[in-house]
Each structure stands twice: as C-alpha cells, then as structure tokens.
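Now for the letters of each chain:
Number of protein chains: 2
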Amino acid sequence: MSLHPELKAALRKLLTTGFLDAPEDLRCYSYDMFARAEPETVVLPESTEQAAEVMALAQRYETPVTPRGAGTSLTGGPTPVRGGLVLGTARMNNVLDLSRADRIARVQAGVVTAHLQRAVMEQGLFYPPNPTSADYCTLGGNVATNAGGASGVKYGVTRDYLTGLTAVLPGGEILSTGGRCMKDVAGYDLTRLLCGSEGRLALVTEASVRLLPKPEAVRAMSAYFPDIKSTAEAVAAIMSSGYAPCTLELMDRAFLRAVKQAYEFDFPADAQALLLIEVDGFETTLNDQMQAIARICKEQGAFQTTVAADEAERQSLWQARRGGTAALVRQASFMVSLDYAVPVSLLPEAVDRIGALGGKHGLEVVVIAHAGDGNLHPLVIYDPKDTAQAAAFAAFDRDACNAVLELGGTLSGEHGIGMEKAAHLPRQLSPAFLRLAREIKRSFDPRDLLNPGKCESACGNED
Amino acid sequence: MSLHPELKAALRKLLTTGFLDAPEDLRCYSYDMFARAEPETVVLPESTEQAAEVMALAQRYETPVTPRGAGTSLTGGPTPVRGGLVLGTARMNNVLDLSRADRIARVQAGVVTAHLQRAVMEQGLFYPPNPTSADYCTLGGNVATNAGGASGVKYGVTRDYLTGLTAVLPGGEILSTGGRCMKDVAGYDLTRLLCGSEGRLALVTEASVRLLPKPEAVRAMSAYFPDIKSTAEAVAAIMSSGYAPCTLELMDRAFLRAVKQAYEFDFPADAQALLLIEVDGFETTLNDQMQAIARICKEQGAFQTTVAADEAERQSLWQARRGGTAALVRQASFMVSLDYAVPVSLLPEAVDRIGALGGKHGLEVVVIAHAGDGNLHPLVIYDPKDTAQAAAFAAFDRDACNAVLELGGTLSGEHGIGMEKAAHLPRQLSPAFLRLAREIKRSFDPRDLLNPGKCESACGNED
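The listed protein sequences correspond, in order, to chains A and B.
Oh and the first sequence: position 371 is 371 in UniProt numbering, straight run, nothing missing.
Oh and the second sequence: position 310 is 310 in UniProt numbering, straight run, nothing missing.
Isolated chain A (complex conformation) (with noise of 0.2 Å):
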C-alpha cells in the first residue's frame, strides 16, 4: 500500500524540513525494541497545530498515523503496523513553562525526560518518573506508556504526576484536558484516560506535569545475596518495614556478570543478586534508614552491604543497573525484555517461579526488577530464528503470564501492551473491560487510524 499521492504532495508542502520518504528514513523509523515495519511516509511537525492539520489530512485520505516519541518501547508500540505515516515528536521538544512558583512544568512531547529532570533539578525541584531509558525516551512516550522506572517505589508513574494535556484527535480537533491546577475535578479524567493509552486514542502533543521540592540528599546502598529468593523476601521485608526507599532495583547473578564484562565493575564471588537501594530526604535521616534497611537485608541473608561512599560510588552502581541490559544485548544474539507486575509479597513467589520456568523450557532467564513496587524484567535470551527455541520462548512466554496472574499480577506493570502482549490481554481483562475498553477507542477514533493494530484491537476478541 502506498500512500495516496494528494496526501503526500499535501503533507511535503505543509512540512517542508519534517517530511521524510528516503528509504534510509523509512528504515530509521520503522522499529522499536521490539518489532519492525516500515512506514510510508513519515512526518514531524513542529506544533500542535501541526499536528492537528496532519491528523486531519490522514484522516481525510483513510490513512494510519502511528506516533512515535524515541522509539525506546519493548512492546512494538511505535511501530506502524499498518504502514501509513508514522507521526514523530521530535521537533516538538521545547519545555514551554517551568514555574517554581507553581511547581509545574509544561513541555511538548518531544522533550527528552532527563532533559526535563535536569531543567527542573536547576530550579531546586524534581521530577521523580525516571524510566530506565530516561536520556533518551521522550515525555510523550512516557505518557503513553505512562512510563514508571526505578523511582516508582516511592514516587509512583507519569500518569500521577500529570495535571493536564494538549492533545490530537484523529481528524485533526484539538483537545486540551486539566491545565495547571494542583485539584480539578471539572469532567471525567481524560487526562489519565489518555495516559497509557498507548497512542491509541490521541496524539499527544503537550503535557503539564506537577513537580516536587528536590530531596536535600540521596544516599546509594549495595546489597550482595547468597540467592535470588532471599534478595526478593529482602524486598518484601523492606516493604513491610515502615521505610520507604526511593529506589529498591534487584539484578541477578548473569546480569551482574554482563555488567562486569562490559565495565569497571566487580562483585563478590558468591553473590546470586544484588540489591541497590536508596533513600532520600533530609540529610541527617538517611544514615538511620540506611543502618536499618541493612539491618533488615542481613536478616535475610545479605552477606555484604555497603553504602556507596561518595556520588562516583553511587553512579558506579547505576552504571551497572542502566548499561547492563545493553551489556546482555550486545553478548547475545538476541533478547526479550518482559514486564510483569506482582504485589511485593508475592515477588519471592514470582521470581521463583519464573526462573523455574526459564529452567523447565531450556532458556536462559536473566531477572531485573524494580523490586520495590513488584515490577519484574525477565530477560530471555534466545534465537528467534531457530524454531525449537521461538517455540521455547512462545511456550515460556505463556506459562510466565499463567503464573503472574495466578499470583495476582498484572501481564504489564510499565512497557505497555502493544504488539507484544495483545494475544494475551483477554487473560487478564475481562470481556466487559475489554468491550468498554474498545467503545472508548471509537468514541474518540472511529476509522481506527490511530496506531491500529494494538491492544485491545489486537487481542483476539473482537466483539
């Protein structure tokens, strides 16, 4: 299917520098972390109204737009299944308004997180949704996946910290939700409607998000463990404590060896996983809650904790936490990245089970998580390519979803749905979430142009 040429002639005179059609472009743009297919045009227009005129023009010529912020999704989100155009952010990137005195920022889609963290940490504020990709993942991505990370523990996801959006309707109406209000109950919440809607019902172009005082200090603690299980009951029990860490990230023992291979890093020889934990707050309680939080994983069997002794210990460790992934990525031949959530009394459990599972189907299963709030990352390493182990995988994939629900999990706690997890959102939902679910998608798209081919349109139960 090629693209209509009115509408081409249409969006290359609208976007002169923002129209890209070479095949090398095509390419650039036609994948993320977790699938491929390629565009036929695509277009980055440098405003909402922009935007909206090329929401309108594809909507008039029946044609997909897929949005699309980094390109950092592990689910194929981004990835325009349908050809058509994918719509990127990446010339709206401008923080629009940072406002100390109202400790809320609003920014264009495009705008890179880390940017934004760095921007408002210059005015003594804080913007805590850090996801792992946050120096390359885009504000737009992170509303629509509403994106967690590793601050979630303490300080929850996107969605909690929005406070209105500007956004794009298939055929090119311009929606604005909320506005800059700490309160506001004024309609129904589209805001968080849209957030995690997985570019599906708008294209989201602006977002006003609520900022916190900075944190006076932070301090960074490692913990080595003679076994997973006991890493996951430490995060349990800190949990269960009356602490509340800001950061509670679990690797085990293959991942630590990728991490040691790819950088200065070492780690005790009998260590089965490490924890890196941290709290923030006034200065003068960090040592208490850290000599306690010990006190707690050596109860459980930590055999060495150590508080990083100065910010290059503690990026040191974050440096093993964020490379690692791409550490394993470049030793194997290829890699999955699964999202699962459990309630953290039941991570033990899960962990367990999931590394049984890797065991039972003969693939190799490295386990991140951000263990504070219940979030799991396997990580399966295998060959898609040879057909034992895709039906390997396929058959792990499975049971790991069986086992995540069957604990009371979720079969995404923040990647999304997407491509990857459609065939199994039905487990999960039930048929009136999923009915209302897919009226909601018509009310706001009825010619399903918005990045079909997804979620709840892809899930194999169609009403």
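Please note that a few of the clues may not be correct.
If chains are identical, the list can't say which one is meant, so a pair holds when it fits in one copy or spans any two.
[What the hints assert, rightly or not] In the BS3-like style, the derived pairs of lysine-lysine whose C-alpha atoms are separated by at most 27 Å in a straight line are:
hint	residue 1	residue 2
1	K154	K214
2	K214	K298
3	K229	K360
Just so you know, the hints here were simulated from the structure itself, not pulled from any lab data.
With chain A's structure known, arrange chain B on it following the hints.
Below, chain B without anything else, positioned relative to chain A:
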C-alpha cells in the same frame, strides 16, 4: 412517577431488610448539602452481587439509579433528580483486606473514610486522602468525587491511591479494574476514569487503595496575619520554597469568629486570617522545617506564629477548621460552600477577586482554603428565598467562575460538578471534551439510567 409494581416486588424480595419506601425513609435519602429530590424507593444492597441484581432489575424497568454514600456531597451529586432508586452503600461497609506486607487495603464502598484511616494506622500505615468530612463520608463517595481535602498539598487525592475497583455497570454486569499491583498498565485506565465520574458511569462497590508507611511524627503551627492577601502570599511563598508542608489551611476572620462563638477557641484581635500549617516525617526534621516556614510567614507579614505544644493544642486547631463550617451554618439562614482551584501563585489574586465580588454583589463571603494546592472554598451566606439575594448570589457565582477561569483555574477542585456547576461546565471544557464525555457516558450507560441529570448531561451543551 412511581416505581413499576413488579420492580418494587422484586426489589422487596431481593432486599428484605435493605428495602425502604416509607415516606420518612424517602425523605432521609432525598438530600445532600446542596439539593433535594425524593426517590421512589431506597435500596441498600449488602454485596456487589446484590447490587448487580438491583442494577439489572432497574434497567429492565428503565428506572434511574442514583448511588449514595453518606450524602455529604456539596453539589447535588447523590440527589435523585429523576426519581427512581437511591442505591445506598451503607450496608457494604467492611474492610475486606488490609495487608501490611503489600501496603494495600481493599474496602467496600460504604466504609467511612475515617474508619479506614484508623484501621490502617493501627498497622503502622497511612491512608492520606483526608476530606474535611472524613468522619462521615465514605470511600465510595470519595472515589466518585475524587475527594481530596487538607492533605492534598503533599499527598495528592483519592485517585492517587487507587490500584483497582470493583463496579457494577448499568444492566448489572460486574466490572473489575486494576488489582493489587503498584504498577499496572494493562488496558486503558478505567480505574481513574471511574474516579471522579460522580457515579455516572458505574456503581463502585469496592476499592483497593495503596497505603504509605505512617510518618513518624507530625507538628502543627498557627500563623496569624493582618490581612488575607498577605496570608495567601505567604502560602505561595511557602510552596515555592523547598519545604513540603502536609497541611496549609487558610481561614479568614469571619470563619474564626464563628469558631470562637461555637467552641473554646480564641484568636488575636487583629487577625484577619489564620494559616494552619503542618509538617510530617522524621521527628528530628520537624523543628527546622517549622522554623523555616515560620520565618517565611513573618516575612510575608504574619504577626504571630505558634507551634502547637502538644496533640491537644493541635486538635484544637483542627476542631476550628473542621467545626467552623458547621458553626457558620448554625448562625446563617443558608450557606453555600463553593469550590474552585487556581495555580497557587495566583491564590492571592483569586482571594482578592472573590472578596471584591462579594462586596460588589453585597453578599457575605467567608473564605477558607486548602491553600497549598490553590483550592478555595468561599462560603456564601444568603437567603435563597429572598429574590434579590438569590439574584445577587447568581451574579456572584457567574462572576466568580469567570474570575477563576481567567486565572487558569478550575470550576471544581474537589467537590465535583453535580447539579451545582453543570451549567458552568461548557465555559471550562471544550465542545470536543464534552462530546467525548457524552460518548464515554453512552458506552457505559446507553440508556442514561445511572445518576441522570448531572454533570455533562445537564450542562446545556447537548450534542
């Protein structure tokens, strides 16, 4: 209109002790703090399943159902304006689960908010949302209005604590959203779509809420100011400092006068306003925070700041704040509690304009505010039976809405739209927003049987 005899018989059979149709019962369930209309029958189901049977029967006989918690609404939310059934949640009042390990509680809709607060506190946990009516209002009502209260300035609102809901759709189907996980992005966020939907989309029967560790200590301070504008300026200055008070309540002189007459409470003769300020967290950090905040207050003109010496002194300040409205009501022939929010930097201007509008229209306007999040509650005392006063109030109401919207504010911070604000809604929300709201309503409730005549359906901008 009276109930179909078959429906009445079926309901009486289903709900032996939870079926009320004596005139005195109908009267009890006819009003909230804003409006009054009598139902044909009151039903008090004791489970989600029983509520589902009621909803199925109601739809079969095309009978409106108006959900009701404790009736503390200030906007006509639980008033059955089209008759039919009032469905009260009073008999669904159990805390079903309270897990310290998972920091989560699952409660029935009829649980009184303060009961939950106390139950979790006994476990060393903390449920922050704290509407002024916490001693009476229910979790179901809190979810319906996305209730906030004094703790919102630091801890956010009801929506920020929900992890899942059980609800009954019109027609009787049971809908489950979310669950027990801290992160969950499977499917659109129907949990938060229902939260704040004022009982228009589904009858919420159960809620799962996340809990925080109980702060180690809390400290309260009173700060008296010579005029209300400098009080509001102090609030803005505190909020743009690095401090994060958990309470920042403003009360004006007229309010304090009513408190003084009703309780053992005195205040300085020159005081035009009081700020009740609290900080919480680790004990060792509280004095420094309080001193810094007191300094800011003095810089902005406070002539007296006093830290509460003990819990009794703290409770006396809270009695003033909580009991003041009741004290005013007892003095006045009639009083309306309004609800707006603005960005906090504009609170001084909002307070100024609202006061001036009271003068312009010759009305007595008392001002209280959850000031830290810019959430104002002007209390207007007038006699609605006096034509001139009623006209003055209507003019004030229109002007105040305009002023708030001009400041980038919202028509409702936490009370909701209900009947009170429906006519004003199109001045804040765009036609696109209202069209989507109506389509979402139709997806959930195609026959408009659930809490009809409120919010977007009554806003006079039908499509």
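Review point. Hint by hint, which ones does the structure fall short of?
Key: No hint contradicted; all consistent.
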